[in-house]
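Participant: On the provided structure of chain R, position chain D as indicated by the hints.
If you're matching them up, the sequences are chains R and D in order. Using the numbering used here, the letters of the first sequence map in sequence onto residues 6 to 479. Using the numbering used here, the letters of the second sequence map in sequence onto residues 6 to 479.
What the hints contain is simulated information worked out from the structure, not anything from laboratory work. Cβ coordinates follow ideal geometry from the N, Cα and C atoms, glycine included. Each hint can be trusted.
Subject to a maximum C-alpha distance of 25 angstroms in a straight line, what follows is the list of computed DMTMM-like cross-link-like pairs (lysine to aspartate or glutamate): (1) R/Lys222 / D/Asp82; (2) D/Lys258 / D/Asp287; (3) R/Lys192 / D/Asp84; (4) R/Lys258 / D/Asp82.
Far from chain D by the CB rule (all over 12 angstroms, computed), these chain R residues: (5) Ala152; (6) Gly284; (7) Asn313; (8) Phe431; (9) Ala442; (10) Thr456; (11) Asp467; (12) Asp474.
Protein chains: 2
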Amino acid sequence: MMRNLAMLTDLYEFSMAGGFHRELPKTRGVFDIFYRNVPDHGSFVVAAGLAQVVDVLRDFHFDASDIAYLRGLKLYDDDFLAYLADFKLDCTVTAVAEGTPVFPREPLLTVEGPLDQVQLLETVLLNIVNHQSLIATKARRITFAAAGRPVMEFGARRAQGPDAAIYGTRAAIIGGAASTSNVLAAKAFGIPAAGTMAHSWVEAFPSELAAFRSWAKQYPDNAALLVDTYDVLASGVPNAIIVFKELLAAGHKPVGIRIDSGDITKLAKLARRQLDAAGLPDVKITASNALDEYVIPALLAEGAPLDNFGIGEKLITSSSSPVLSGVYKLAATRTNGVLKPKIKVSASIEKTTLPGIKQTYRLYRPGSCEAFADVIALADEQLTAPLAVVNSNPLTTHKRIVLTAFDAQPLSAPVPLDQPAPSKVFAIQRFAKTKLAELPSETQRLVNPDTYTVYVTQQLADLQQQLMDEAKRD
Amino acid sequence: MMRNLAMLTDLYEFSMAGGFHRELPKTRGVFDIFYRNVPDHGSFVVAAGLAQVVDVLRDFHFDASDIAYLRGLKLYDDDFLAYLADFKLDCTVTAVAEGTPVFPREPLLTVEGPLDQVQLLETVLLNIVNHQSLIATKARRITFAAAGRPVMEFGARRAQGPDAAIYGTRAAIIGGAASTSNVLAAKAFGIPAAGTMAHSWVEAFPSELAAFRSWAKQYPDNAALLVDTYDVLASGVPNAIIVFKELLAAGHKPVGIRIDSGDITKLAKLARRQLDAAGLPDVKITASNALDEYVIPALLAEGAPLDNFGIGEKLITSSSSPVLSGVYKLAATRTNGVLKPKIKVSASIEKTTLPGIKQTYRLYRPGSCEAFADVIALADEQLTAPLAVVNSNPLTTHKRIVLTAFDAQPLSAPVPLDQPAPSKVFAIQRFAKTKLAELPSETQRLVNPDTYTVYVTQQLADLQQQLMDEAKRD
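One chain only, chain R, in its complex shape:
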């Protein structure tokens, strides 16, 4: 379904690629994707998008009209255009698995290849990883707030374009949502399709009761009724009860009601009382009006008897924090087999990059599944105790620490490009749940979470310092 997106690239990537192709044809580059700030002031991001990255890389080419367009810009020479016309991707990818909780500065994805090629990939890889990781992260937050109650993704109409609806839904499932109203995404990714009815159904009939009866006749085993078209308590729930009893009498099991306006706590409590009094304790109540991880805990704390949540724009756009600012930074070059770590020095130490080819390890208390810290190391380091590390957070003191007892698991692994990446979304969701459960509960908190410690090894810190010193001497 993903189109060839080779042209979804900023112009300067072509211009730099053309320059690298001519000036540094034998140099390979290593770029890391990582981020610095967590959306919604959380403490981590749930990685997502790798399957689509692999799809794009497996079909990365320029067709004749693309080449004609680029030629028409009168910026690029024939040699470079011929190279693009016959483009053969020669890159390797290392990445964390989708669903992995990732902390600031930890590489989500690393790509190595000819400098011109890896430069060309920047924009499209960031677009995909930033978007899907943003929505997976938001879904983690909302499902965490829902505390076990199923969350249905309902946002297609407010998503930022078709892909945002389609791949945003995929990411929402990775982050913990249970189902979606989006039929295209449901079909594409094997997600349960969910939904009830809209107010327009009710309005199209002479009465609410007639509308409910007609619905129940059509969908006797899927009768979830929207009860707020006219008046939830005076009309919607009483009419729903009439129809639910008719369904029961005919041997069907009524599903539930949905409330999409008004004060959810008040209406849900009174609707629950009406349903229970009518002998319908199994009828579920779904709420779906402008909910997110800030509103849901308040409703639950008030005792709102809600069984499901339908979440629209606030999930599919991550509206309270709609950007994940992942970046793509040069970590090393390799010329004639010689690796040269690279650094981007910034006025703020916080923005100075970690050089070299790296691996992130999650550290567990020995013999347990309790993660207590991560450590970013050079990929060729042996991670054995005692391990000298410093805190990677540049705002804390670079106090030296020696770790003596830990089990270490690497987060990144090579990604084969000769086959599609695993993309069964509920398998990824289960993986994410496992990895989330390993984190300290105070790190998972939605508001003011505790900062999870991410170390860098002494060896990596020393390399960074050495390159900073060299940059100053230039």
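Facilitator: Only chain D this time, still in chain R's reference frame:
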């Protein structure tokens, strides 16, 4: 380029369509898309997305795998599935032209057709219109703040998926942007492609000067240099000046510098001084770090000598207000040729819809291009003075007013579906600029704009009241 998006639909649309197909097969429905709240507390939205709506409607069909998927849901009967498999769109569309400033409650797009069909279209039409109108509106704000200086769209890497980058760029041009870094969008929509270089270019060379020289050799007539990789004033601008002088000596015209970090006002002022002192007053300065319509006026007020702006995530996601909550509401049904206006009554009068098939007129002072108000009327009303109207804002008194002197121009027109819609984005941008210039300047203000008056005709207000009274009696 737009794929067949018939399946980009909420499940309940299929369920309602199936029900309408069976229960109300002879009833046609009329739905309006309109919105209630303006993003960023502005006073209007710039309509966009119609060309893609037409593309979707012209290729609206379900293929065999779609039908198989829907059959597998075990919700829909064979008759409805056969109807979908042989779907023939039988709808008409009326809409405001792309680029039109539209106020709350005014229909952006109205679709009439068999109830089952118009119900099925809801999600995808809202998705497209909400997204593109949101970004066009944000682009209007940012280009207004830039006060004539060109705005370059730079956001592809932070957009919410590929379509958000592609169609968001299209909408950004409609709203006033001058160019884009997004090559795919530039090619697809005939937009100038713009860009300089990234920090990775500079870092890939032994020195900044070597990187600039190499760039100038490759692109002697397109030498826009990024000067903040190491130190803007101590290194970036001095090295750029060396290269610009070499270019001048070789008969080329240097383009400019770009500053992407640090304090933009301070750096731009000092960089300008260095450039001018070097005899390079024509070299332009572009700023591109986290800018939007709130930051730009502050920089300009401080006298920052900026010639262009590159705007990333804050434009392409409308990050300060990332959702346009357009809705799709039933305005009428038509059975055997008899039109029946419909209303959605809400506990809040603000959310009660305007019934019937409507037209919006922009009212001008006679003989001028000065718009002073809009009026929403029933489509078959004659708009002649004296015209009895009430204020459409339900929070103001329903005071009766008689308008005696105005020229009225209708905003909506039928949209042919037998051909693609006009989609030359700069023609649409020019149209938008013309329509914006007609509005009172205090309505265009970015912060606390004056509310533009939107009336409804007395006849429409009376119809609304009559339907509200009938609904209460039910």
